[in-house]
Amino acid sequence: MKRRQADPVHYTVSQMDPEAARHARDSLDLVFHMSNILDTGLDRHTLSVLIALCEMGFSPEALAAVVKELCRETSVSSSAAKTAPSAP
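Heads up: the sequence shown at position 73 corresponds to 109 in our numbering, and the numbers run straight through without jumps.
Honestly, the hints are just simulated from the structure, not real lab data. Backbone N, C-alpha and C define an ideal beta-carbon position, used for all residues, glycine too. Careful: at least some of the hints might be erroneous.
What the hints assert, rightly or not - If you anchor each label on the Cβ, the simulated ranges turn out as follows:
# : residue 1 : residue 2 : range
1 : Leu-106   : Ala-56    : 29 to 37 Å
2 : Asn-72    : Glu-105   : 36 to 44 Å
3 : Cys-90    : Glu-55    : 17 to 25 Å
4 : Asn-72    : Ala-98    : 32 to 40 Å
5 : Ala-116   : Leu-74    : 25 to 33 Å
6 : Leu-89    : Glu-109   : 16 to 24 Å
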């Protein structure tokens, strides 16, 4: 059975007082809304992981570069899979 990974923001929010938890959820909602406007393709979980990594001191620029590279690789591998001839 596959274990579901804990959402870093959800885990942190559950340990906060109710007002701080509400603020964290509102902030994630705002980031998700901006992400959708910018058409990043990132879901709430991915955004919450990126936020948590930034809060841990990781460079936002480095994280952005990693996300861009992963998206590029995913796009290239998806294109390759679509154009590959199928076996008879």
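Against the structure, the hints come out as follows:
For the hinted restraint 29 to 37 Å between Leu-106 and Ala-56, the CB-CB distance of approximately 31 Å keeps it satisfied. For Asn-72 and Glu-105, the Cβ-Cβ distance of about 22 Å falls outside the hinted range of 36 to 44 Å, so the restraint is violated. In this structure the supplied range 17 to 25 Å holds for Cys-90 paired with Glu-55, their Cβ-Cβ distance being about 22 Å. Judged by the Cβ atoms, the range 32 to 40 Å given for Asn-72 and Ala-98 is violated: they are separated by roughly 24 Å.
Checked against the given bound of 25 to 33 Å, the beta carbons of Ala-116 and Leu-74, roughly 27 Å apart, stay inside it. About 19 Å separates the C-beta atoms of Leu-89 and Glu-109, a value consistent with the hinted range of 16 to 24 Å.
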